[in-house]
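J.: The number in our numbering is simply the position in the sequence shown, starting from 1, with 272 added.
Just so you know, not all the hints are guaranteed correct.
[To be verified] Derived pair list, reagent style DMTMM-like, types lysine to aspartate or glutamate, alpha-carbon separation capped at 20 Å: (1) LYS433 with GLU279; (2) LYS335 with ASP390; (3) LYS433 with GLU301; (4) LYS321 with ASP295; (5) LYS433 with GLU413; (6) LYS461 with GLU294; (7) LYS321 with GLU294; (8) LYS345 with GLU294; (9) LYS343 with GLU370; (10) LYS321 with GLU349; (11) LYS328 with GLU279; (12) LYS489 with GLU279; (13) LYS405 with ASP390; (14) LYS408 with ASP390; (15) LYS343 with GLU279; (16) LYS489 with GLU288; (17) LYS405 with GLU454; (18) LYS480 with GLU501; (19) LYS302 with GLU288; (20) LYS405 with GLU370; (21) LYS480 with ASP499; (22) LYS461 with ASP479; (23) LYS489 with GLU333; (24) LYS433 with ASP473.
[Claimed, not checked] Per label pair, the in silico range of CB-to-CB distance: (25) HIS458 with HIS348: 36 to 42 Å; (26) LYS461 with GLN330: 22 to 28 Å; (27) GLU454 with THR387: 19 to 25 Å; (28) LEU324 with GLU454: 38 to 44 Å; (29) ASN410 with LYS328: 19 to 25 Å; (30) GLY495 with LYS461: 17 to 23 Å; (31) THR387 with SER502: 48 to 54 Å; (32) SER415 with GLU342: 39 to 45 Å; (33) ASN281 with PHE385: 42 to 48 Å; (34) ASN451 with PHE385: 21 to 27 Å; (35) SER415 with SER502: 19 to 25 Å; (36) PHE385 with PHE337: 39 to 45 Å; (37) GLY303 with GLN339: 16 to 22 Å; (38) HIS458 with GLU349: 18 to 24 Å.
Calculated directly from the structure, the hints in this document are not laboratory data. Fair warning: this is a prediction, and the values are worked out from it, not measured in the lab. Even for Gly, the Cβ is constructed at its ideal location relative to N, Cα and C.
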Amino acid sequence: MIQPVIEINHVNFTYERQRVLEDIHLTVEKGSFLGLVGPNGSGKTTLLKCLLGLLKPQQGEIKLFGQQIEKFKNWHEIGFVSQKANSFNTGFPASVFEVVSSGLTSKIGLFKFMTAQDRRKVYDAIESVGLTKFAKRNIGELSGGQQQRAFIARAIVSNPKLLILDEPTVGVDAQTVQNFYEMLTHLNKNLGITLILVSHDIGAITDKVSHVACINKNLYFHGNSKDFESLKDDEMSEFYGHSLHVLTHDHSH
Numbered sequence: 273m274i275q276p277v278i279e280i281n282h283v284n285f286t287y288e289r290q291r292v293l294e295d296i297h298l299t300v301e302k303g304s305f306l307g308l309v310g311p312n313g314s315g316k317t318t319l320l321k322c323l324l325g326l327l328k329p330q331q332g333e334i335k336l337f338g339q340q341i342e343k344f345k346n347w348h349e350i351g352f353v354s355q356k357a358n359s360f361n362t363g364f365p366a367s368v369f370e371v372v373s374s375g376l377t378s379k380i381g382l383f384k385f386m387t388a389q390d391r392r393k394v395y396d397a398i399e400s401v402g403l404t405k406f407a408k409r410n411i412g413e414l415s416g417g418q419q420q421r422a423f424i425a426r427a428i429v430s431n432p433k434l435l436i437l438d439e440p441t442v443g444v445d446a447q448t449v450q451n452f453y454e455m456l457t458h459l460n461k462n463l464g465i466t467l468i469l470v471s472h473d474i475g476a477i478t479d480k481v482s483h484v485a486c487i488n489k490n491l492y493f494h495g496n497s498k499d500f501e502s503l504k505d506d507e508m509s510e511f512y513g514h515s516l517h518v519l520t521h522d523h524s525h
């Protein structure tokens, strides 16, 4: 039996006496592409921070690759791209190659010279996100969507087994978003990376992901995307507490 990438059991988290996560159970299998959806303030970002070891739940257990998170050391196996990546300082004087190679510093050390093998990894990561012809271009000269691709390349250059993306398409135009999802599908299917995509936009992701977890303090639904699509509108509105047409970006917890 294959070891799950993530196991979350009975996780509760409270901010200043306000319960944000309540009795969350969630298992993410190797090779899956999970869409984590929910309205503003539903706890998605808090759950991410718990998964990344940035917050510690008051109750419950989190395991990464079969290991309790408190003992987990192989953080290079997890790549993370935040929604803040696309508010990057565009005046920063670094090429796409340099930005992506910074993702190797945890492995090679900050001031170590890159080997030919390291450079190959950087170019491979750049190629996998479709930015080969921009490798020497200054990051500030790229569009928002291209910058976001560069940050994904930085996240995958150390060959992570799990990639977590927090609202990666905020502020990116529709055509770029479509290309972006195709790239994620390639990373998932062809490179075998387990993906978690956090999004407020249910409609955009249900036909892209293999599984959906719907969270609003509690975990309301976790299953494959076909079962999720078959849920009735009124059931979904009950999950969200309002009509699904008024979802906005999640900039809160």
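J.: Each hint needs a verdict: does it hold in this structure or not?
T.: Hint check results:
no. : hint                           : verdict
1   : LYS433 with GLU279             : holds, 15 Å
2   : LYS335 with ASP390             : violated, 30 Å
3   : LYS433 with GLU301             : holds, 11 Å
4   : LYS321 with ASP295             : holds, 16 Å
5   : LYS433 with GLU413             : violated, 30 Å
6   : LYS461 with GLU294             : violated, 33 Å
7   : LYS321 with GLU294             : holds, 15 Å
8   : LYS345 with GLU294             : violated, 27 Å
9   : LYS343 with GLU370             : violated, 32 Å
10  : LYS321 with GLU349             : holds, 16 Å
11  : LYS328 with GLU279             : holds, 15 Å
12  : LYS489 with GLU279             : holds, 18 Å
13  : LYS405 with ASP390             : holds, 19 Å
14  : LYS408 with ASP390             : holds, 16 Å
15  : LYS343 with GLU279             : holds, 14 Å
16  : LYS489 with GLU288             : holds, 15 Å
17  : LYS405 with GLU454             : holds, 19 Å
18  : LYS480 with GLU501             : holds, 12 Å
19  : LYS302 with GLU288             : violated, 35 Å
20  : LYS405 with GLU370             : holds, 14 Å
21  : LYS480 with ASP499             : holds, 14 Å
22  : LYS461 with ASP479             : holds, 15 Å
23  : LYS489 with GLU333             : holds, 17 Å
24  : LYS433 with ASP473             : violated, 25 Å
25  : HIS458 with HIS348: 36 to 42 Å : violated, 21 Å
26  : LYS461 with GLN330: 22 to 28 Å : violated, 38 Å
27  : GLU454 with THR387: 19 to 25 Å : violated, 32 Å
28  : LEU324 with GLU454: 38 to 44 Å : violated, 26 Å
29  : ASN410 with LYS328: 19 to 25 Å : violated, 39 Å
30  : GLY495 with LYS461: 17 to 23 Å : holds, 20 Å
31  : THR387 with SER502: 48 to 54 Å : holds, 51 Å
32  : SER415 with GLU342: 39 to 45 Å : holds, 41 Å
33  : ASN281 with PHE385: 42 to 48 Å : holds, 44 Å
34  : ASN451 with PHE385: 21 to 27 Å : violated, 35 Å
35  : SER415 with SER502: 19 to 25 Å : violated, 37 Å
36  : PHE385 with PHE337: 39 to 45 Å : violated, 31 Å
37  : GLY303 with GLN339: 16 to 22 Å : holds, 19 Å
38  : HIS458 with GLU349: 18 to 24 Å : holds, 20 Å
The structure fails to meet hints 2, 5, 6, 8, 9, 19, 24, 25, 26, 27, 28, 29, 34, 35 and 36 from the earlier list, while all remaining hints are met.
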